[in-house]
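Here the structure of chain A is known, so what remains is to put chain B in place on it, guided by the hints.
Number of protein chains: 2
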Amino acid sequence: MKELENELYECKILVERALDKFLPDENLYPSEIFKAMRYSVFAGGKRLRPILVMKSAELFGLEKEKVLPTACGIEMIHTYSLIHDDLPCMDNDDFRRGKPTCHKMFGEAIALLAGDALLTHAFYVIAKNKDVEGIKENAVLDVIAKISKASGPLGMVSGQVVDILSEGVNIDEKTLYFMDVKKTAELIKVSLWAGARLAGADEKDLIKIETYGEKIGIMFQIIDDILDTNGDEKIIGKPVGSDIKNDKNTFVKMFGIEQSKLLANKLAKEAKEVLVEFKNKEFFMMLIDYLLNRSH
Amino acid sequence: MKELENELYECKILVERALDKFLPDENLYPSEIFKAMRYSVFAGGKRLRPILVMKSAELFGLEKEKVLPTACGIEMIHTYSLIHDDLPCMDNDDFRRGKPTCHKMFGEAIALLAGDALLTHAFYVIAKNKDVEGIKENAVLDVIAKISKASGPLGMVSGQVVDILSEGVNIDEKTLYFMDVKKTAELIKVSLWAGARLAGADEKDLIKIETYGEKIGIMFQIIDDILDTNGDEKIIGKPVGSDIKNDKNTFVKMFGIEQSKLLANKLAKEAKEVLVEFKNKEFFMMLIDYLLNRSH
Chain A
-5 MKELENELYE
5 CKILVERALD
15 KFLPDENLYP
25 SEIFKAMRYS
35 VFAGGKRLRP
45 ILVMKSAELF
55 GLEKEKVLPT
65 ACGIEMIHTY
75 SLIHDDLPCM
85 DNDDFRRGKP
95 TCHKMFGEAI
105 ALLAGDALLT
115 HAFYVIAKNK
125 DVEGIKENAV
135 LDVIAKISKA
145 SGPLGMVSGQ
155 VVDILSEGVN
165 IDEKTLYFMD
175 VKKTAELIKV
185 SLWAGARLAG
195 ADEKDLIKIE
205 TYGEKIGIMF
215 QIIDDILDTN
225 GDEKIIGKPV
235 GSDIKNDKNT
245 FVKMFGIEQS
255 KLLANKLAKE
265 AKEVLVEFKN
275 KEFFMMLIDY
285 LLNRSH
Chain B
-5 MKELENELYE
5 CKILVERALD
15 KFLPDENLYP
25 SEIFKAMRYS
35 VFAGGKRLRP
45 ILVMKSAELF
55 GLEKEKVLPT
65 ACGIEMIHTY
75 SLIHDDLPCM
85 DNDDFRRGKP
95 TCHKMFGEAI
105 ALLAGDALLT
115 HAFYVIAKNK
125 DVEGIKENAV
135 LDVIAKISKA
145 SGPLGMVSGQ
155 VVDILSEGVN
165 IDEKTLYFMD
175 VKKTAELIKV
185 SLWAGARLAG
195 ADEKDLIKIE
205 TYGEKIGIMF
215 QIIDDILDTN
225 GDEKIIGKPV
235 GSDIKNDKNT
245 FVKMFGIEQS
255 KLLANKLAKE
265 AKEVLVEFKN
275 KEFFMMLIDY
285 LLNRSH
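So the protein sequences, as listed, match chains A and B.
Here the working numbering is used: the first residue of the first sequence is -5, the next is one more, and so on.
Here the working numbering is used: the first residue of the second sequence is -5, the next is one more, and so on.
Same shape as in the complex, but just chain A (with noise of 0.2 Å):
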């Protein structure tokens, strides 16, 4: 677990390296949208997204640094969502990562702007990543399509509307499933995806990979279901219980936290059994473990 942990360290420094490079620079006029953009880039997080990008290239052949304005571009697809879905006609959240949310810190205005900002912002980048030597045009149009498809009303967006929607309300297993696979695996699918298309992986591998990342989409969720309801709150940077305070639909509410980590356990398993044929795949064997067990 060592091992995964330093590999994981030093990923994460390439890609907050590569994120203070790609954003615009915080003293540009109207500083204050720049200053918010940063503000939410850089309170924190576990930077997995970019990591699966770079990763997934890696695992197909290509140096990881190649696909770092991919990867920026999604955590920046990533930060956007997460500053929307604080805002108040939303989850009305005060604390994100141990800090005050965007519109607590900037109001609703900017925040808002900033939201908008960064998810724009990441198609410029992410566009941009044509220009590394050796990335191939045609594959970064289909992961520009790819990545707006999988965050966009087809994808992340239509989990945030089923969880706003169903607040308060009794729903059945197809659609919490449907809820946590749009709203959390589209974005960690699309990003093991992307790596692998632009490594230039072919059709086969390309489903698998992407088949790994909805069972680790999927477990990852549940976790997060399960630290919100007996997490650490220092730990985990927001309020304990913020999902019953919502009257949210989770799978601890709908299986409670034994059979909640069961499902984990079997989403795992699965998840490392299609790794089987992949040579190199022990970071991503690793992963599986350490996103199961995790305390934030």
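Keep in mind that the hints were calculated from the coordinates and are not lab data.
Only a predicted model underlies this, so the values are computations on that prediction, with no experimental measurement involved.
Errors might be hidden in some of the hints.
Intra- or inter-copy, both count: the list cannot distinguish identical chains.
[What the hints assert, rightly or not] Straight-line distance between alpha carbons at most 30 Å, and here's what the computed BS3-like set of lysine-lysine pairs gives: (1) LYS93 / LYS140; (2) LYS143 / LYS40; (3) LYS168 / LYS29; (4) LYS247 / LYS260; (5) LYS6 / LYS143; (6) LYS168 / LYS263; (7) LYS239 / LYS98; (8) LYS239 / LYS260; (9) LYS263 / LYS247; (10) LYS15 / LYS168; (11) LYS122 / LYS60.
This is chain B only, laid out in the frame that chain A set:
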């Protein structure tokens, strides 16, 4: 003028048919988001920006139908900006184009997400322009980079930020121009640029068509400011005087109506001069006077 109006009408029909094709079906699940997206996209509008993409492509020798994905993507970006701009934390407007605004119809959360969805889906649709015969992949990538820059934190969003932060504050002429160039002219400029780039226009012509866009873009905003003061409520579709209500900085507030009209006329003249060397420029010549004399 009759000839111009026929041409605008013909393009508008093409754009609206294509928008219907490129937007997800509203019977998909969860239907609320697709209904909200379509409600705002089909709430009316001149379709000026997509028409500029098409006519600019045509000016440089490409059939206008070939750039419909990019044209529709830009209209989706324009619509997202209106939905978010109308939200309570922004301008808090109840009517747009004679109809209740998106959040009045669907609630704030769904309106926020419908804006996010349109912005994200726009890049999906624009990326798909690569599948049109005769369109080059590197041109589509340049167009995506340019559109995301023009509508992101270095473009349109920065204009919105200045607009919001300068409510009730006296700003100088330079700041007013910055705000209106970013808020309005950037998307008009990039519409013209995108059509020309997809048609293979050279660097010199790309700069010229952008300069034309900047002139008519600011002119367009000045006329907007004038109509908000003395327009016909029934024709413009929203209450006259909303700028005064929100204590907005406008050309009318800074220069008065007569001086603003003179400024608009000066920009119209300059826009015509930019066109001098172009062939087949009739549409773009007539468009200037049409936009200058518009009543909505």
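Against the structure, the hints:
no.: 1; hint: LYS93 / LYS140; in the structure: neither (32 Å within a copy, 34 Å between copies)
no.: 2; hint: LYS143 / LYS40; in the structure: both (24 Å within a copy, 27 Å between copies)
no.: 3; hint: LYS168 / LYS29; in the structure: between (41 Å within a copy, 22 Å between copies)
no.: 4; hint: LYS247 / LYS260; in the structure: within (19 Å within a copy, 65 Å between copies)
no.: 5; hint: LYS6 / LYS143; in the structure: both (26 Å within a copy, 26 Å between copies)
no.: 6; hint: LYS168 / LYS263; in the structure: within (21 Å within a copy, 62 Å between copies)
no.: 7; hint: LYS239 / LYS98; in the structure: both (19 Å within a copy, 26 Å between copies)
no.: 8; hint: LYS239 / LYS260; in the structure: within (29 Å within a copy, 59 Å between copies)
no.: 9; hint: LYS263 / LYS247; in the structure: within (23 Å within a copy, 66 Å between copies)
no.: 10; hint: LYS15 / LYS168; in the structure: between (42 Å within a copy, 29 Å between copies)
no.: 11; hint: LYS122 / LYS60; in the structure: both (11 Å within a copy, 24 Å between copies)
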